Amino acid sequence: MTVPLVTGATGFAGGHLVEHLLEHHPRVAAWGHPGGKSLPPADGRISWSAVDVTDRDAVERSLEDLRPSAIYHCAGIADVHGAWAESARTLRVNVMGTHTLLGSVERLGLSVPVLVTGSAAVYGPSLEPLTEDSPLAPSSPYGVSKLAQEMAADLSPGHIILTRPFNHAGPRQSTAQFASSFARQIAEAEVRGGPAILTVGNLEVRRDLTDVRDTVRAYRLLVERGHPHQPYNVCRGEAFRVGDLLDSLIRQARVPIEVTTDRGRLRPKDNPVVLGDPGRLARDTGWTPTLSIDDTLTDLLDYWRRHL
1 MTVPLVTGAT GFAGGHLVEH LLEHHPRVAA WGHPGGKSLP PADGRISWSA VDVTDRDAVE
61 RSLEDLRPSA IYHCAGIADV HGAWAESART LRVNVMGTHT LLGSVERLGL SVPVLVTGSA
121 AVYGPSLEPL TEDSPLAPSS PYGVSKLAQE MAADLSPGHI ILTRPFNHAG PRQSTAQFAS
181 SFARQIAEAE VRGGPAILTV GNLEVRRDLT DVRDTVRAYR LLVERGHPHQ PYNVCRGEAF
241 RVGDLLDSLI RQARVPIEVT TDRGRLRPKD NPVVLGDPGR LARDTGWTPT LSIDDTLTDL
301 LDYWRRHL
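Those letters in the sequence shown? Residues 1 to 308, per my numbering, in order.
One thing to keep in mind: the hints can contain errors.
[Said to hold, decoys possible] Distance ranges between label pairs, derived from CB positions:
| # | residue 1 | residue 2 | range |
| --- | --- | --- | --- |
| 1 | Arg172 | Asp284 | 26 to 32 Å |
| 2 | Asp294 | Pro135 | 44 to 50 Å |
| 3 | Glu106 | Gln252 | 48 to 54 Å |
| 4 | Ile197 | Arg306 | 19 to 25 Å |
| 5 | Gly286 | Ser126 | 35 to 41 Å |
| 6 | Glu258 | Pro34 | 24 to 30 Å |
| 7 | Glu86 | Asp262 | 16 to 22 Å |
| 8 | His307 | Gly124 | 36 to 42 Å |
In case anyone wonders, no lab produced these hints; they're calculated from the structure. Values in this document were obtained by computation on a predicted structure and should not be read as measured data. Ideal Cβ positions, reconstructed from N, Cα and C, are used throughout, including at glycine.
Could you put together the complete structure from these sequences and hints?
What follows is the structure, given as C-alpha cells:
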C-alpha cells in the first residue's frame, strides 16, 4: 500500500493536504511537532506521530518504520511577521529541519519524491509578475530562511520537488495572516453584537492570493508530474489589494464595522506588490485554481463564525 507522509500536518496547509491526499490514498502518515498543536481526533486512515524535524534520531526512526511512498515537507515556521523577533528559531526549523529530513531520507536509501514547501518570499521586490527566473533577494528573516531551505534541499541528490507558494488562505488559517485576522475580528464582532472597530496593517499592498485547497492540490500534482530540482511558483497569477479583500469581508458582516490602522501590524519592510506567474506549474501539471477569491473569503469567515 502506498502511504504518503505529510510533515507539519497539524499546520494550516499541512492539515488541508492530509484531507486532500485522503481523497486519493486509503491511508496517510502525518507528523506533528511534539509540544505543538494537539493531534486531531483519531481517524483510522491517518497514522499520526509526534516528530521534531530537527531531531535526527526521531526523524530516522519514524522514516524507517513508515517507509513512505512520498513525502510532503510542510513542517516549518510560517509566520513572516513573527520571524523578525525569532529569526534564529525560524532559521533552525526551516533550514536545519529540512536538512535533517533529507539527510535521513538519503541515509535510509528511500527512493521517493520529496516536496519541499518553500515560499515566494525568496524573491526580490518587483512590480512585474515573478517567474521562477526572477532575482532572488529576500527582504525578511523569513524569506532568508526559505531561500536557505531551498538551497539546502537543492543540494540533496534525491527526487526533490521545490515549490515557491505565494499567499494562500482558507478555513483554519492562523490570524497571523491578514485575511484570517480580518475574518476572525468580524466574527468576534458578530458574537458581541453591535458596532466594532477592526485593527489592520497596510491595506494598500497587493498580494497574489490562492485558496489553500487549490494550493495543496498543486502539491499533489507536482509530486506526480513535476520535475525534480526545478522550482515551481504556486499562485493564482492575480494580485488583490488587501483593502479590497477587507471590504469584501465587511460587506458580509452582520454588524457595522469601522477600520483603524495598528502600527504594530506594519512590517519593517513590505513589498507593495507580490504577484506570481504560475505558467510553469500549469504547463507541467495542468493545474489551474478552481476556487474564486470570493469562495475563499466566504469560507474563511464562515469558519470563524462556527469556531467562535
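For each hint, the structure was consulted:
1. Arg172 x Asp284: 26 to 32 Å: 29 Å, holds
2. Asp294 x Pro135: 44 to 50 Å: Since the Cβ atoms of Asp294 and Pro135 sit about 33 Å apart, the hinted range of 44 to 50 Å is violated.
3. Glu106 x Gln252: 48 to 54 Å: Given a distance of about 49 Å, which is inside 48 to 54 Å, the answer is holds.
4. Ile197 x Arg306: 19 to 25 Å: 23 Å, holds
5. Gly286 x Ser126: 35 to 41 Å: 27 Å, violated
6. Glu258 x Pro34: 24 to 30 Å: Because 42 Å falls outside the window, the suggested range is violated.
7. Glu86 x Asp262: 16 to 22 Å: Since Glu86 and Asp262 have Cβ atoms about 20 Å apart, the given range 16 to 22 Å holds.
8. His307 x Gly124: 36 to 42 Å: Holds: the Cβ-Cβ distance is about 37 Å, inside 36 to 42 Å.
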